[in-house]
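Participant: Here the structure of chain A is known, so what remains is to put chains B, C and D in place on it, guided by the hints.
Protein chains: 4
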Amino acid sequence: MIPRYSRPEMVAIWSPETKFRIWYEIEAHACDAQANLGVIPKENAEAVWKAKDVTFDIDRIDEIERETKHDVIAFLTHLAEHVGSDEARFVHQGMTSSDVLDTCFNVQLVRASDILIKDLEGLLAALKKRAYEHKDTVRIGRSHGIHAEPTTMGLTFARFYAEMDRNLSRMRDARAEIATGAISGAVGTFANIDPAVEEHVCDQMGLVPEPISTQVIPRDRHAAFFATLGVIASSIENVAIEIRHMQRTEVLEAAEFFSMGQKGSSAMPHKKNPVLTENLTGLARLVRMAVIPAMENVALWHERDISHSSVERNIGPDTTITLDFALHRLTGVIDKLLVYPQNMLDNMNKFPGLVMSQRVLLALTQAGVSREDAYRLVQRNAMKVWDHRTDFREELLADEEVRAALSEEEINEKFDLGYHTKHVDTIFERVFGDPT
Amino acid sequence: MIPRYSRPEMVAIWSPETKFRIWYEIEAHACDAQANLGVIPKENAEAVWKAKDVTFDIDRIDEIERETKHDVIAFLTHLAEHVGSDEARFVHQGMTSSDVLDTCFNVQLVRASDILIKDLEGLLAALKKRAYEHKDTVRIGRSHGIHAEPTTMGLTFARFYAEMDRNLSRMRDARAEIATGAISGAVGTFANIDPAVEEHVCDQMGLVPEPISTQVIPRDRHAAFFATLGVIASSIENVAIEIRHMQRTEVLEAAEFFSMGQKGSSAMPHKKNPVLTENLTGLARLVRMAVIPAMENVALWHERDISHSSVERNIGPDTTITLDFALHRLTGVIDKLLVYPQNMLDNMNKFPGLVMSQRVLLALTQAGVSREDAYRLVQRNAMKVWDHRTDFREELLADEEVRAALSEEEINEKFDLGYHTKHVDTIFERVFGDPT
Amino acid sequence: MIPRYSRPEMVAIWSPETKFRIWYEIEAHACDAQANLGVIPKENAEAVWKAKDVTFDIDRIDEIERETKHDVIAFLTHLAEHVGSDEARFVHQGMTSSDVLDTCFNVQLVRASDILIKDLEGLLAALKKRAYEHKDTVRIGRSHGIHAEPTTMGLTFARFYAEMDRNLSRMRDARAEIATGAISGAVGTFANIDPAVEEHVCDQMGLVPEPISTQVIPRDRHAAFFATLGVIASSIENVAIEIRHMQRTEVLEAAEFFSMGQKGSSAMPHKKNPVLTENLTGLARLVRMAVIPAMENVALWHERDISHSSVERNIGPDTTITLDFALHRLTGVIDKLLVYPQNMLDNMNKFPGLVMSQRVLLALTQAGVSREDAYRLVQRNAMKVWDHRTDFREELLADEEVRAALSEEEINEKFDLGYHTKHVDTIFERVFGDPT
Amino acid sequence: MIPRYSRPEMVAIWSPETKFRIWYEIEAHACDAQANLGVIPKENAEAVWKAKDVTFDIDRIDEIERETKHDVIAFLTHLAEHVGSDEARFVHQGMTSSDVLDTCFNVQLVRASDILIKDLEGLLAALKKRAYEHKDTVRIGRSHGIHAEPTTMGLTFARFYAEMDRNLSRMRDARAEIATGAISGAVGTFANIDPAVEEHVCDQMGLVPEPISTQVIPRDRHAAFFATLGVIASSIENVAIEIRHMQRTEVLEAAEFFSMGQKGSSAMPHKKNPVLTENLTGLARLVRMAVIPAMENVALWHERDISHSSVERNIGPDTTITLDFALHRLTGVIDKLLVYPQNMLDNMNKFPGLVMSQRVLLALTQAGVSREDAYRLVQRNAMKVWDHRTDFREELLADEEVRAALSEEEINEKFDLGYHTKHVDTIFERVFGDPT
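Protein chains in written order, with full-length UniProt numbering: chain A, 1 to 436; chain B, 1 to 436; chain C, 1 to 436; chain D, 1 to 436.
This is chain A alone, in the form it adopts within the complex (with noise of 0.2 Å):
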């Protein structure tokens, strides 16, 4: 994560500010529960929560971790600095670093996923916008990066959106993954707390207390977070990789939006490149990278060890800044992304009439020519269209062995651009729910 592809409100999660802020939340939340249980006095309780509105002091914690080499013992030592020493000598009691770290870790990822939860609903209306806007614009389908047979333009941003509404599922699911708390002490065992301050720490916090956490929260449930915003990284890359494809010179069918004042080269002038979908292609590696990582941080060593603690300081903000810096670079994308509908006519057209092979093919195939047969007489003339940029169409009509099956009236029939569209309708009604 660098600046370069950050935006403020994920980065503020991230913040030590925030961490402290939650650890002492944490922190307060537990002391009330003790105190509701008899457990502490309920004036010792009340004290923390005069630190309240205190911005804690980050140097002055480091500068305590440095000779301690611990950081939870670190910013409860400056936290006493600020309730009083002895109204603070019951903060912590009965916890264990772990069940601050790990709770204020998913605090973290709740929030984080808010925003990414957020961030996909915009995409999706950025979507469904340009998916109706260009419901019937005929352009010409490739597989393999060869022409296929028409589709429209419509379509190609409704499976986007279809593809993204399955990624705000699975989003909303790896939430749940991961709102969960733990206070139950070392090992997990609520020996020296009860399970009681868990729930209400969990109530405040917004999560649900973890079943079972023999001192850490199991790392099976980051896994699968972290494997979902890996598969919406993989989809931001399918929708960059159109793009870039569709800006090309030879296609030119759509182009990222491109500023006043902006330079596509330093050395050539002429130059309008797709950088914004090419970084997305980009970023979406850097998401995915923290998947292996993620899985490799399940196996602990019996209760615990914090072999996956690094690798979370990183992967927690590194992944989640990332992820929502490109679903809103992409939503800006789709938003504004020109679309040339005559080249797309062109483009179709480069081999007159050879994408309407397979109607022709099961043209003859009805008309009783066996399918081998037909495939050969089709591939015949279309090879000649290759060949030499002649009107398919024409091919055919002048292909004894094709008219013997097929009349001219019904060879002209299957040049017929409707054809290819009539069911627009129904996949739009699958996919939005609502055909026009």
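By construction, these hints were calculated from the structure, which means they are not laboratory data. Where hints are given, some of them may not hold.
Claimed, not checked - Ranges of calculated distance between the beta carbons of each label pair, as one might list FRET restraints: (1) Thr18(C) to Ile117(D): 34 to 42 Å; (2) Pro8(C) to Arg7(D): 47 to 55 Å; (3) Ala12(C) to Glu9(A): 58 to 66 Å; (4) Ala398(B) to Ile117(A): 57 to 65 Å; (5) Glu429(D) to Tyr419(B): 53 to 61 Å; (6) Arg4(A) to Glu410(C): 39 to 47 Å; (7) Glu63(A) to Gly368(B): 26 to 34 Å; (8) Pro341(B) to Glu133(D): 35 to 43 Å; (9) Glu133(D) to Glu46(A): 51 to 59 Å; (10) Ile117(A) to Pro16(C): 46 to 54 Å.
To be verified - Some but not every residue of chain C turned toward chain D, in silico, with C-beta under 10 Å: (11) Ala88; (12) His92; (13) Thr189; (14) Pro195; (15) Arg219; (16) Ser234; (17) Trp301; (18) Arg304; (19) Tyr375; (20) His423.
Said to hold, decoys possible - The calculated lysine-lysine pairs, modelled on DSS-like cross-linking and capped at a C-alpha distance of 27 Å, are: (21) Lys350(A) to Lys384(C); (22) Lys69(D) to Lys336(A); (23) Lys350(D) to Lys350(B); (24) Lys69(A) to Lys336(D); (25) Lys336(D) to Lys350(B).
Just so you know, even glycine gets a beta-carbon here, dropped at the ideal spot from N, CA and C.
Facilitator: Below, chains B, C and D alone, put in the same frame as chain A:
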């Protein structure tokens, strides 16, 4: 995937025989639907079912493919050899190869999922049985590999149960992700085939229609599927590592069952090695390594390309076969795991009483000592135990500063094991819904 | 690895027959060395060679392994069935299974490397031939998929040559990484076997002794080996992507050879798809996915564990077989690639003259215009060509501000293609050591 | 990368200040070369050096980039603000942004490599010192985590030394991989810039010219570079895991140095955790996760795209900073590692004499017992020791079948520790070139 790590039921799903059988069913059901729509003659649809009991000749299909370089065409040509070239001429009408290939692949993944779900259920049963069996078997909990505080072996099994239960739920979601089919024709527009055909075929094959398929079923589904397998594999590694640790010579709290006639080492006859769980550690890596390629597969060019195909031909069988084998192997390991309760007690007392340090710390704090002083007092006595293996309780009793805060009786009371296991029932209720 | 993507010579290296043959040779050579040292009787060493021409019975070995659950012991038991139980009793003396397994694995990797080196040499020859053939075939260079400036097809082949030549060098280094053997006994101390045995066996098997082996050959070597295969696979993808782009319908500057009888699509007879290079894209992912598990294999517990074993049983054959197949396939693609020089010229002139924008920019600067103004002037005219497909040269000639700096002759001179190819010989000399 | 796991010298290489400084030097040296060729006026080349001592204003450059959306153009505009717009008008002539960016990136990687090489040399020195210190410190060798046969702590350090020495050699190769520069202009044809400029700039920047660069320096080089960092990180994990195992409470053969004032746990004052090596385990994953994206970066479209750029902006600094930190941390751990020889002996004797089983096996075979019978005899007595912790030597002496083959003296002689360490000098000579 190699025979050594394979079970026949899962291997059968991926055999050429099964694949061609599924292709056949898709084509035959599609003909039925086409005939119902009046697109092709009923007798041609019926004729296809003549091959219902045929075992297709794989060598013959391979031979045809060597000429056509196209596997679906090779199969259709061979099918016509059974059905009759004339009767077969409407087979595959309006469809494209992807309709057959993608729908077949998902049928195979659904069947594989069903086996994996059964595997997970079996593993859960074994874990539950062992959890209740050792609910009260006390052993030392460890963090960082270092003795922390007492816990029970039952809690260890229970946490694996909870983790695998989450995996069961993830696996069911993953099954739903890929339980879709597509019969939408070239570039997915239904230009040449009515959506009703797709509905009929999916219904017959146990799938739901893919809302928008653009020739291929979108690969974000498969990325999510394989990512789930990767998470499950990581959980297997998590359990395996715990057992490997328990079987270490110095720990020896549990061991894989060692059968008569088994040889641990060709050179050292005294060895009993945790070879099954070491093996599972490696198998987990094999399943996990498919996650990134599955994500790289998401970004296809335009409506489709086939860069994903060679990847899936490998990881489809490899990951499901390996994971099935691993789950089954792990179930056996859990089921027959030798547990040594006496060794657990012996290990816990290696540094006598030391694992109770936190209780003493809390007691000192409760008695009015500041947290910092209490920590210092406890650490001072703990270090003596580390260095000289003396008894922690006796050190405390002999420490005047400690005794100024705590009486002999109060100190003695802190060394009661029951204190640490008092919430085991609570946790079992959370995990299994039943405390006993 | 599946038969579809395998070649027999590489597959043979990984057959059980080959493996047992190598095990046999290691054991027999070790006996010779032991006899020379006087540790075992000469006649027993000689007796082992009685099995020299035996093809070992794999089913029988498997049967024994099912009882002993130890593959090396199973083999030794079977070997004794050939050699005679009494004569065989010194076989494997002082050795441990890893001595056989690890040394054998490295022998297999060395042999696989030799094939891969030959593959790379074949690919280099094909690339060189095509590079010289198209040294002067002008086509547009593209950055970001957008037309940039002219280059030649020969330079494209030359850059692939240079990249694959680096890969050849890396492959030779990788071969050296794993060309070590170890016969050091349990935990690698040579307690039970003299280092002279290791020297003799390694010498006979074409290896060098591992300096310090602690029972296993250290896996950082294998990590480096598989990482190298991953780099080579990525280069294959690089070439494949270029060809896939060139074959796009809109570009069509090159195409994979399309044989008689081949069918591009079951539905659309007009299709010629770049299926081989798409396939190579997927195969690259398969090779690459082994890199991380190979790195995870490095950290073994203490002197050894066998978590790496199941991984290597798979990735050893899978990656070498797949990479061999891919290199061979790519060589065929390059060798027979259809190149369309006329289409290259047509594409370059899609926006007439536009690709010369930099030269005009430089000329304006040389003529005293500030860099910023020059950029603005050129971009202004370039945008007209983008928007209306007019001729860039004519636009410039008509732009008074441009003409204030450059004469008609000076402008015309900037549109000479030879300007862009004047250093092709220099580059060829750098790459091939020979300009022509 | 986060400050917590960073060292300033490496961080400085990746600062914007350093980057712009390198850009400046590349541009200034290029101007010199251009002036020598007579392409631009000498006074303009000299004028550029006016900015020699300028610290570039990063905020200003960012401000310009926000308008131009092009970082190199933004820098050049700012440079002109220092040098004078007129004097600066030949800066960057004939060059493209990639010439600056790619050459700069490689300069940074080379400098990073130099630090990493120094780190490895420091680690090797520490390992060597500890190896000789504990050359004869006997401890049990373990395979599968199970006691095998005696070895020495010095051999453990020696094998890490040998592995890191290979890594040093790999790191030097990796440095050579990326020590190339390119000043070849748009699409790399040198159309607008003479190859002599490239030679001069590379020479001044400590690089060699890339033989063929097609605008970008080919990314197979970087893939190989980052793969090497991944291998080194995996070796760090290998060492870290060994130390974590040794520090386990039950093993306690070594421990990380624990400073005064350090706190192992916020809850349990008795804890001393191997937190540094656990941390290294996680850092290894972070370095390793960059390998696959670096390989995905190899396949750029045509002459170039910038999908690799966002990846490299992250993994360039992240991996080198993390690896530098990890190597430095590991060196400290090794240097100060507490080693407990007495615990090593105690552990070895946990099952008295058992670890000598192989010698007895060999002795029985030498005495004429068949291998199978010998194995059975030894295993029979070993199992008694496992089950009842009796003394293996005494069990053997009491076993009549054993005694039929071996005398009491012969049996006793097999329990001599010196037998296992007799080749330590040989191995040290192999590793260090010097036995003592």
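Participant: Evaluate each hint against the coordinates.
Facilitator: Tested hints:
1. Thr18(C) to Ile117(D): 34 to 42 Å: Taking Cβ atoms as reference, Thr18(C) and Ile117(D) lie about 40 Å apart, which means the hint holds.
2. Pro8(C) to Arg7(D): 47 to 55 Å: Between Pro8(C) and Arg7(D), where Cβ atoms are some 53 Å apart, the hint holds.
3. Ala12(C) to Glu9(A): 58 to 66 Å: 59 Å, holds
4. Ala398(B) to Ile117(A): 57 to 65 Å: 60 Å, holds
5. Glu429(D) to Tyr419(B): 53 to 61 Å: 57 Å, holds
6. Arg4(A) to Glu410(C): 39 to 47 Å: Hint holds: Cβ distance 41 Å, inside 39 to 47 Å.
7. Glu63(A) to Gly368(B): 26 to 34 Å: 28 Å, holds
8. Pro341(B) to Glu133(D): 35 to 43 Å: About 41 Å separates the Cβ atoms of Pro341(B) and Glu133(D), which means 35 to 43 Å holds.
9. Glu133(D) to Glu46(A): 51 to 59 Å: Holds, at about 57 Å.
10. Ile117(A) to Pro16(C): 46 to 54 Å: 53 Å, holds
11. Ala88: This hint holds: Ala88(C) lies near chain D, its Cβ roughly 8 Å from the closest one there, short of 10 Å.
12. His92: 8 Å, holds
13. Thr189: It holds, given that the least Cβ distance between Thr189(C) and chain D is near 5 Å, below 10 Å.
14. Pro195: 6 Å, holds
15. Arg219: 8 Å, holds
16. Ser234: 4 Å, holds
17. Trp301: 5 Å, holds
18. Arg304: 5 Å, holds
19. Tyr375: 9 Å, holds
20. His423: Cβ of His423(C) sits 4 Å from chain D, so the hint holds.
21. Lys350(A) to Lys384(C): Cα-Cα ~24 Å, so holds.
22. Lys69(D) to Lys336(A): 17 Å, holds
23. Lys350(D) to Lys350(B): 13 Å, holds
24. Lys69(A) to Lys336(D): With a Cα-Cα distance of about 17 Å, the restraint between Lys69(A) and Lys336(D) holds, given a limit of 27 Å.
25. Lys336(D) to Lys350(B): 25 Å, holds
Taken one by one, the earlier hints all hold for this structure without exception.
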